[in-house]
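Here is how the chains run, residue by residue.
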Amino acid sequence: MTDPFVSTQSLTKHFGPVRALTDISFDVHPGEILALVGENGAGKSTLMRLLEGVFPPTRGTIRVEGREVSFSQPRDAHRAGIRVIHQEPEIVPDLTVAENVFAGDLPRKARFFLDWARLNHDTAALLKKFGIARELHPRQMCSGLGPAQRQMIEIMRAVQAGGRLVAFDEPTSSLTDEETRRLFAIIRDLRAEGVAIIYISHRLAEITALADRVVVLRDGALVDDLPAQGVTEERITRLMVGRALSDMFPDRRPGTGPVVLKVEGLTTDHVRDISLELRAGEVLGIGGLIGAGRSELAKGIFGFHRRSAGSVAIDGTALPPGDTAAAIAAGIGFAPEDRKEEALLLLQTILENAVLCVPDKVSNAGFYDRRKARDLISRISDKMRLKASSLDAPVTSLSGGNQQKVVLTRWLACDLKVLILDEPTRGIDVGARSEIYDLIRKLTDHEGLGVIVISSEMPELLGLSDRILVMADGRLRAEFARADASEEAIMQAAIPHGTAAA
Amino acid sequence: MTSLRDDRGVSALHRIADRIGIHNLSLLVALVALLVIFGALRGDVFFSTRNLLNIGMGVAILGVLAISQTGVIVSGGLDISVGSIVGLTTVVTAMAIQATGLSGAGIVAALVVGGLAGLANGVLITYGRINAVIVTLGTMAIFRGIAFILSNGQSISIFQDSFRFIGTGRLLGLPIPIWILVAVAVGFYVFMHKSIVGRNYYAIGGNPIVARLSGLNIPRYRVGIYIVSGVMAGVAGVLLAARTGSGQPISGSDGLELEAITAAFLGGCAMQGGRGTVVGALLGVAIIGVLNNGMILTAVPTFYQMLAKGTLLILAVFLAEYRLNKA
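Chain order of the listed sequences is A and B.
For what it's worth, my numbering labels the leading residue of the first sequence as 30, then goes sequentially.
For what it's worth, my numbering labels the leading residue of the second sequence as 4, then goes sequentially.
Isolated chain A, as found in the complex (with noise of 0.2 Å):
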C-alpha cells in the first residue's frame, strides 16, 4: 500500500470542559475513499475543523505525507493540498461561475489584470472534465443556482486549487437522487485520479455503496477503522450508537388527549399551507431533509415567522401573528436548534437565562426578585439534574447537554401546553441525550403536554414520536403512524422529486 497522505497522532481537541475529541489516529491513503461516520455530536465536524485549520488541536500531531504540520488558519490547510467540502457551499452570489470557481487564485496579466480569457478558457475545460458543461457557463452568474450546482462549483474549486486531499460533509443531504450519482461518479473519478477522500454521511447506503474503508466515531473517540467490503448498515449503526436503540426509547403508549395545538393552512415567507393536529400527552415528530423548512415551521407556529396566511389555535383560541409573547402566553414553548444563536444569552448566568420568560414570577411590581428566581428555577434544575457549580456560573462554562437542559429549564418554568424542540439533542453526548429523552417521556405521559420534535436523526425521530409529519420543500409531504414509519420511507418521502421549486 501506498504512503498516507495526511495521517493523524493522537488528535485531542477539547473546548473548556467539553472533551470533543480524545486520542484519534488515523490515515488517508491518495485514492482511497474514508467514510467517516458517527451520531451527531461524535466529533466529526471538530475533526474535520481541525484537518482544514480552523482552530488547532489541544494535543496530538497532524502529518501531511509523513511531515508534521501545523496549521493556523484554513489558507495553510488549503496551501498543504487538503480540502473541506461544506454542507453549506461558500459561493459568492454575485459573482460568475468563473470566479468562483477560481476564487483567490485569479489568473493575471500583466501582474495587475484579471485574464478574463484564460479564466473562462479553464473553467471550461473544468466544466467538460466534469460533464457539466452542458449546464453551467463560466460566465454565468452564481445567484440562481441550486445546491448540487453550488457544491459543484465548491469541487471544482478544490481541485482546481490542487486539493489532494478532499473531504466531503453531509454532500447529499440536499440532492436529488439523479445529483447523488453524479457526484459519486464525480468522486470515484478523483479516486482514479489518486486523490484521497474523506467522506462524511448519515446515509449507511451510501457509504457502503462507496467507501473503501469505514472510521466509526463515538463521543469524540475512534471506536472502530474496519474495511468496507462486507460491512452492514446494522454493524455499522451498533458502533456508533455503542448499545441496542430500543434502550434508549422505552416503549410508550400513544397519546389520546384532546387537541391543544391546531394549525391551519399555516403560510409564511418559508413554508406553504401546513395543517396539524397535536394532542396532549402526543409526541408528533417532524422529519426532513436540512432546508427543507422544519425549523421555519416551528417559527411560524410560535409566530417568530409572521404569517401571511392561516391559522394557529391553542385549545381553540386563535393566536394572533408575529406575536411571540402571545404565543408564550397560551402555553406554547420553543427551543430552538441553535442554542448559541437562538436560545441563550451567552453573557449571562444560568439563572438569568433560565428566568427570560417568567418576568412575572421572579418579580414585585417590576423588580427582580432573585430568592424568589433562584427558589423556582432550582426546583426545577435540580429535577432536570443539571450539572453546574452554581445557577451563577455564566451559561457558557456548561457543557453542550446542560447548556440545553438550562433552556429546557426555562420553558418548564412557565405553565406550558405545548413544547416545540427543534434538534434537542444535536452536540449532546449519549448520556445527557437519555435524560432529555427521558424528560419528553415525562412532559408527555404526567403532564400532559403535547411535544413536536424537529429531528434529522433517524434513530430519534423513531423512537420518540407517535406520528410522523415529513416535509420537503416548505410542505408537508406525508404522515406516518408509529406502526408504520421506516428509515427507507421517511427518506422517500423527505427527497424532493423533480427539480426544485423556484
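What the hints contain is simulated information worked out from the structure, not anything from laboratory work.
Here a beta-carbon is modelled for each residue, glycine too, at the ideal position from N, C-alpha and C.
Each hint should be verified, as a subset may be incorrect.
What the hints assert, rightly or not - Okay, derived cross-link-like pairs now, DSS-like style, lysine-lysine, Cα gap no bigger than 27 Å in a straight line:
| id | chain 1 | residue 1 | chain 2 | residue 2 |
| --- | --- | --- | --- | --- |
| 1 | B | LYS312 | A | LYS369 |
| 2 | B | LYS197 | A | LYS390 |
| 3 | A | LYS369 | A | LYS412 |
| 4 | B | LYS197 | A | LYS401 |
| 5 | A | LYS157 | A | LYS138 |
| 6 | A | LYS471 | A | LYS291 |
| 7 | A | LYS158 | A | LYS138 |
| 8 | A | LYS412 | A | LYS446 |
| 9 | A | LYS369 | A | LYS390 |
Unchecked claim - Computed Cβ-Cβ distance ranges for the label pairs, DEER-style:
| id | chain 1 | residue 1 | chain 2 | residue 2 | range |
| --- | --- | --- | --- | --- | --- |
| 10 | A | ARG104 | B | VAL39 | 20 to 28 Å |
| 11 | A | ASP421 | B | LEU56 | 34 to 42 Å |
| 12 | A | ASP367 | B | GLY172 | 54 to 62 Å |
Put chain B on the given structure of chain A with help from the hints.
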C-alpha cells in the same frame, strides 16, 4: 479562633472585589494613577476643594449623558445625536422661560423636546430599519439645525434666578448639578440592574433573536431607550442652560457625545450590546473629568487635548472588544 477571623477578612476582601468586578477595579486603578500623576505635577491646585468641585461640575452633565448612553449601548444601539439635543434643549428652555417667565416651564419644555427628539431617533431606527449610527448622525445635524433656526443663531439669556440656581446653587455644600447626577445615577442603577424591564435590555442587546423568542417586544423597548436618552439629554440641557444663564444653539457641540460614548465604553459597554454598567460609566466619566481638568492645569494645548480624547475613545473600544474576544 483568630485564624477563623483571618479567613473572614480574606473572604470579605474577595467579596468586595467580586462585587466591584475586575473591570471596575481596573478603572479605579487607572483613576488613581491619573490622580497621582496630576497630583505630582500640580498638587497645589489639583487637590484644592475648588478644583475638585470644578471637576464635579464638569462631569455632572457628562455623567447624565454617559449613563443614558450606557442604556442605549446595552440595548444594542448608539446615540450620537445627544450633544445636539443638549444644544436644542438649552434653546427651547430659554425660549420657554422668556415667554412664560416660569422656570418650571423651561424644564418641562426641555424634557418634552428631548423626549420627542429621542422618539424620532427610535422610530427611524426600529420601524425605518435604518442603522442607528446613520440615523443619529443625521439627526445630530437636524437637531442642531433646528436649534439655530429657533434661536435665529442668537444666544438667548435667562434671567430667572430660581432657574440659574439649578446650575450655580449648592445643597449641603455640594453643587446642585452633582446632586442631580447622583439622582440620575441611582435611578438608572435601580432601573438597569434591579427592574425586569432594565434586565430585558441586556437580553435584547445580548441577542435580539433570543429576546424575541422569549416573547419580548423589541421595537417597543428600542424606541423606549432612545426616548430615555433624549429626555436625559434634556436634563443635561437644563443643567447647561442654568449654568451659563443662556440658551445657545452652539452649546453641546464641543464633543459632548464623543465624551459620553467614550465614558460608556470605558465603563465596560460592548459594541454589539448586552454589556455595560452604570457604575462603570460613572468611573469612565470620572476618568475623563480628571483627564480634562488635569490637561488644562498642566497647560496641555487645546489641540492636543482633542488628540487625547479621540485616542481615548478608540482605546476604550479596543480594550472592550479585546476583553470580549479573550473571554
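Verification of the supplied hints:
Distance check on the hinted pair: B:LYS312 and A:LYS369 sit about 37 Å apart at the alpha-carbon level, beyond 27 Å; violated. For the hint pairing B:LYS197 with A:LYS390, the CA-to-CA distance comes to about 15 Å; that is within 27 Å, so the pair holds. For the given pair, A:LYS369 sits about 23 Å from A:LYS412 by alpha-carbon distance, which is consistent with the 27 Å threshold. Of the pairs offered as hints, the one joining B:LYS197 and A:LYS401 holds, with about 13 Å between alpha carbons and a cut-off of 27 Å not exceeded.
Distance hint between A:LYS157 and A:LYS138 is fulfilled; the C-alpha atoms sit about 24 Å from each other, no more than 27 Å. Between A:LYS471 and A:LYS291 the CA atoms are separated by roughly 23 Å; this keeps the pair inside 27 Å, and the hint holds. At roughly 25 Å between alpha-carbon atoms, A:LYS158 and A:LYS138 fall within 27 Å of each other, so this suggested pair holds. Proximity of A:LYS412 to A:LYS446 is assessed by CA-CA distance (about 19 Å); at most 27 Å being required, the pair is judged to hold.
Restraint check: the Cα-Cα separation between A:LYS369 and A:LYS390 comes to about 25 Å, which is no more than 27 Å; the hinted pair holds. Take A:ARG104 and B:VAL39: their Cβ atoms lie about 47 Å apart, and the range 20 to 28 Å is violated. Remark: the range hint 34 to 42 Å for A:ASP421 to B:LEU56 is upheld by a beta-carbon distance near 40 Å. Between A:ASP367 and B:GLY172 the beta carbon distance is about 56 Å. The supplied range of 54 to 62 Å therefore holds.
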